[in-house]
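Protein chains in written order, with my numbering: chain A, 1 to 313; chain B, 1 to 330.
It is possible that some hints are incorrect.
Here are some chain B residues the structure puts well away from chain A; computed CB gaps all over 10 Å [stated by the list, open to error]: (1) Arg65; (2) Pro66; (3) Tyr71; (4) Leu78; (5) Gly84; (6) Pro93; (7) Leu114; (8) Phe126; (9) Thr136; (10) Glu221; (11) Arg239; (12) Val271.
In the SDA-like style, the derived pairs of lysine to any residue whose C-alpha atoms are separated by at most 20 Å in a straight line are [said to hold, decoys possible]: (13) A/Lys309 / B/Glu221; (14) B/Lys8 / A/Leu138; (15) A/Lys309 / B/Arg131; (16) B/Lys8 / A/Ala36; (17) B/Lys8 / A/Asn148; (18) B/Lys8 / A/Asp140; (19) A/Lys309 / A/Ala36; (20) B/Lys8 / B/Ala222; (21) B/Lys8 / A/Leu151; (22) B/Lys8 / B/Glu221; (23) B/Lys8 / A/Lys309; (24) A/Lys309 / B/Ile306; (25) A/Lys309 / B/Ile251; (26) A/Lys309 / B/Arg129; (27) B/Lys8 / A/Leu143.
Read the hints as simulated data drawn from the structure, not as lab findings. Glycine included, C-beta positions come from ideal geometry on N, C-alpha and C.
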Amino acid sequence: MTTPDTEPSGAAGTAAAPGAVAPAPAAAAVPRGALAETLYFAVRNGKLLGGLAVFTLLLVAALAGPLLLSGDPNAYVGLAAQAPSAEHWFGTTHFGQDVFAQFVHGLRSTFYVGAVGGGIAAVIGMVVGFTAGYRGGLVDEILNALTNVVLVLPALAVLLVINAYLGVRSLTVQALFIGLTSWPWAARAIRAQTLSLRARDFTDLARLSGVSTWKIIVREIAPNMSSYLFMTFILLFGGAILIGASLDFIGLGPTQGISLGLMLNNAAQWNALHLGMWWWFVPPGAGITAIVGSLYVMNVGLDEVFNPKLRET
Amino acid sequence: MRRYLLRKLLVYGLTFFVAVTVNWMIPRFMPGDPVSSMIARASVAQPEAVEAMRAHYNSLFGFDRPVFEQYVNFWIALLRGDLGISIWLFPTPVWDVIVRAVPYTIALLLPAILLSWIAGNWFGAFAARRRWLDNTMLPVGYILTATPYMWLAILMAWGLGVVAGIFPVAGGYSFELQPSWSWEFIGDLALHWFLPFASLFIVAFGGWAIGMRNMIIYELEADYANYLAALGAPARLIRRYAFRNAMLPQITGLALQLGTLVAGALVTEVVFSYPGLGHLILKAIQNQDFFLLQGTFLFIVIGVLIANFLIDIVYTVVDPRTRMGLGGAA
Numbered sequence: 001m002t003t004p005d006t007e008p009s010g011a012a013g014t015a016a017a018p019g020a021v022a023p024a025p026a027a028a029a030v031p032r033g034a035l036a037e038t039l040y041f042a043v044r045n046g047k048l049l050g051g052l053a054v055f056t057l058l059l060v061a062a063l064a065g066p067l068l069l070s071g072d073p074n075a076y077v078g079l080a081a082q083a084p085s086a087e088h089w090f091g092t093t094h095f096g097q098d099v100f101a102q103f104v105h106g107l108r109s110t111f112y113v114g115a116v117g118g119g120i121a122a123v124i125g126m127v128v129g130f131t132a133g134y135r136g137g138l139v140d141e142i143l144n145a146l147t148n149v150v151l152v153l154p155a156l157a158v159l160l161v162i163n164a165y166l167g168v169r170s171l172t173v174q175a176l177f178i179g180l181t182s183w184p185w186a187a188r189a190i191r192a193q194t195l196s197l198r199a200r201d202f203t204d205l206a207r208l209s210g211v212s213t214w215k216i217i218v219r220e221i222a223p224n225m226s227s228y229l230f231m232t233f234i235l236l237f238g239g240a241i242l243i244g245a246s247l248d249f250i251g252l253g254p255t256q257g258i259s260l261g262l263m264l265n266n267a268a269q270w271n272a273l274h275l276g277m278w279w280w281f282v283p284p285g286a287g288i289t290a291i292v293g294s295l296y297v298m299n300v301g302l303d304e305v306f307n308p309k310l311r312e313t
Numbered sequence: 001m002r003r004y005l006l007r008k009l010l011v012y013g014l015t016f017f018v019a020v021t022v023n024w025m026i027p028r029f030m031p032g033d034p035v036s037s038m039i040a041r042a043s044v045a046q047p048e049a050v051e052a053m054r055a056h057y058n059s060l061f062g063f064d065r066p067v068f069e070q071y072v073n074f075w076i077a078l079l080r081g082d083l084g085i086s087i088w089l090f091p092t093p094v095w096d097v098i099v100r101a102v103p104y105t106i107a108l109l110l111p112a113i114l115l116s117w118i119a120g121n122w123f124g125a126f127a128a129r130r131r132w133l134d135n136t137m138l139p140v141g142y143i144l145t146a147t148p149y150m151w152l153a154i155l156m157a158w159g160l161g162v163v164a165g166i167f168p169v170a171g172g173y174s175f176e177l178q179p180s181w182s183w184e185f186i187g188d189l190a191l192h193w194f195l196p197f198a199s200l201f202i203v204a205f206g207g208w209a210i211g212m213r214n215m216i217i218y219e220l221e222a223d224y225a226n227y228l229a230a231l232g233a234p235a236r237l238i239r240r241y242a243f244r245n246a247m248l249p250q251i252t253g254l255a256l257q258l259g260t261l262v263a264g265a266l267v268t269e270v271v272f273s274y275p276g277l278g279h280l281i282l283k284a285i286q287n288q289d290f291f292l293l294q295g296t297f298l299f300i301v302i303g304v305l306i307a308n309f310l311i312d313i314v315y316t317v318v319d320p321r322t323r324m325g326l327g328g329a330a
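So here's chain A without its partners, still in its complex pose:
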């Protein structure tokens, strides 16, 4: 996370498309060095810290919970349909499964789908965005057409058909297909950023010195929008979780194990609503909302840290 160190003063080059907020350098007289300055504002940003706290808490629960509650989360361990108690913190399902055990295992699956799906989407979005933006010309036209096609295809509908035909479904395959369908807006945004960075002096200088294209992209262009790339990844992470949960809920979740979406699916399918078993369907939805919400709030906080214009005075 480095902020640009060589950039002409003012926002001359950052007047890109509206909505695409480019990180600009801070001219404040706070600590020296880009990293120190970023940190200075980061630890003072309530949104970033709050989001990070919720996210970390859930991540720890997802990583440590399954170790403490080892064993099959779908095992029948208690009486059926029990309300939350000291023994079963979140109660039990219609079949006597422990909802809390399912919840922590489900959290882990949800983080996994978000990280892998969002990661794949980010990599594709970066490759397509950088290539289209830097190369221009025919390559740009073709990649742009591809991006637009995938962009207007409703991702969930495509995923439904693919997943329905897959007899045995795993989290990894689900995350892979989510990544393959959710990259277009990221590619578009990165392309727009690359276009504005391509015209800068330092890129020209590198090109004149005969540096190869990929080196220019990796060493000159990417570092100057690293914060932007990180924020894109955060949004893709959250989006992948929501799509994955929808798929699980419709009944195309992983055939083995548990996820938060699958818990909602089970609860709806076995009439938890009519039986008044709120402890079965409230925690998984709250878990998803908390993860994705904390990601979004963190994103706003990061935006304020990187972009001095947005900092609260």
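With chain A fixed as given, assemble chain B onto it according to the hints.
Quick look at chain B alone, frame taken from chain A:
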């Protein structure tokens, strides 16, 4: 303007072509033999149904023919409106099943999208730069956009339907009523429609409000806003100008969000067993009815493409730059 719309049409045509090709490819390139596995998984009891299915699959897939011919035949059948026969509602053609469900989905989606967009934009613009309102709206808005559609739907069905007993929680209308144009039936339809609509509306509303709020703040910092303020223009006038400028990205955002909104409607229908396309998808998956699933997929794609094109037309009306061929931020 014509060039702009033609370009867009080209992209949409290409997308439709890709969607149909994907639809054709998936059963053929997935591991295993689709015909036998489908018949095995369908587990239809009636022997004549099994025979009809096998004959239909074989004639439709035509595995003995060259791949290219299979592909062309697939297109010909599609253009004739032949999407196969539903297994779930054997022997109803898939086309008929879908056409019966589409009005419900449209009745849910169209008002939810338009009203949430209008109300969200209005509220976001109103809340921007008003300290107290802004500070409450922002976290609420972010929580709403992060809420999975089905979860809010479940919570509302539970709270307002099961616990409070105000609204029915399943179906498009009460089963004791016959569909007719009586007031009683229409009232019943509206009662069943309200909760799915409201849960869609609320989640979408949060996103639009935040988007508009951020855009307004961005616009209020622009030079023209400062200039107007320096001239002593009233704050209301400046806000109105900012609002008009902020609308453009929100229109583009509407096009970008269509897929998510449709996905939200699908899962919401599943929660409420609302007899639209989402319910069909659930039934198709539960009954291994692949023709119905693929037919629904095509309908959704066509619907999204048409909606995208309509938004493009609106954009050319709203933003003069696209009409002049100067290329706005589309």
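Hint check results:
Look at B/Arg65: its CB is around 21 Å from the nearest CB on chain A, clear of 10 Å, so calling it non-interface holds up. Remark: the non-interface label on B/Pro66 is consistent with the geometry, its nearest Cβ contact in chain A lying 23 Å away (cut-off 10 Å). At roughly 17 Å, the least C-beta separation between B/Tyr71 and chain A is larger than 10 Å, which holds for a residue marked as non-interface. For B/Leu78, the requirement that its beta carbon stay farther than 10 Å from each beta carbon of chain A is met, with the minimum near 15 Å.
No Cβ of chain A comes within 10 Å of the Cβ of B/Gly84; the nearest lies about 14 Å off, and the non-interface call holds. Residue-level check passed: B/Pro93 sits 19 Å from the nearest beta carbon of chain A, beyond 10 Å. Interface exclusion of B/Leu114 from chain A stands, the closest Cβ pair being 18 Å apart, more than 10 Å. Under the 10 Å C-beta cut-off, the non-interface status given to B/Phe126 relative to chain A holds; the minimum distance is some 20 Å.
Chain A leaves B/Thr136 outside its interface by the beta-carbon criterion, the shortest separation being 14 Å against a cut-off of 10 Å. For B/Glu221, the requirement that its beta carbon stay farther than 10 Å from each beta carbon of chain A is not met, with the minimum near 7 Å. Look at B/Arg239: its CB is around 17 Å from the nearest CB on chain A, clear of 10 Å, so calling it non-interface holds up. Look at B/Val271: its CB is around 6 Å from the nearest CB on chain A, not clear of 10 Å, so calling it non-interface is violated.
A distance of roughly 9 Å separates the Cα atoms of A/Lys309 and B/Glu221; the hinted pair therefore holds under the 20 Å criterion. At most 20 Å may separate the alpha-carbon atoms for a hinted pair to count; B/Lys8 and A/Leu138 meet this at roughly 18 Å. At most 20 Å may separate the alpha-carbon atoms for a hinted pair to count; A/Lys309 and B/Arg131 meet this at roughly 18 Å. Between B/Lys8 and A/Ala36, the direct Cα distance comes to roughly 46 Å. Violation of the 20 Å bound is thereby established for this hinted pair.
Note on B/Lys8 and A/Asn148: the hinted pairing holds, with a Cα-Cα distance of about 9 Å set against a maximum of 20 Å. Among the hinted pairs, B/Lys8 with A/Asp140 is consistent with the structure: their alpha-carbon atoms are about 16 Å apart, no more than 20 Å. Restraint check for A/Lys309 and A/Ala36: satisfied, since their Cα atoms lie roughly 19 Å apart, inside the 20 Å limit. Taking the CA atoms of B/Lys8 and B/Ala222, the gap is about 30 Å. The hint is violated against a cut of 20 Å.
Only pairs whose Cα atoms come within 20 Å are accepted, and B/Lys8 paired with A/Leu151 is accepted, the gap being roughly 13 Å. Taken as a hint, the B/Lys8 and B/Glu221 pair is broken in the structure, with Cα atoms around 32 Å apart against an allowance of 20 Å. Distance restraint check for B/Lys8 and A/Lys309: the Cα-Cα separation of roughly 35 Å exceeds the 20 Å cut-off, and the hinted pair is therefore not satisfied. A C-alpha spacing of about 39 Å is found between A/Lys309 and B/Ile306, which places the hinted pair above 20 Å, so the restraint is violated.
Taking the CA atoms of A/Lys309 and B/Ile251, the gap is near 25 Å; set against the 20 Å cutoff, the hint is violated. Distance check on the hinted pair: A/Lys309 and B/Arg129 sit about 15 Å apart at the alpha-carbon level, within 20 Å; holds. Straight-line distance between C-alpha atoms of B/Lys8 and A/Leu143 comes to about 15 Å, which keeps the hinted pair within the 20 Å bound.
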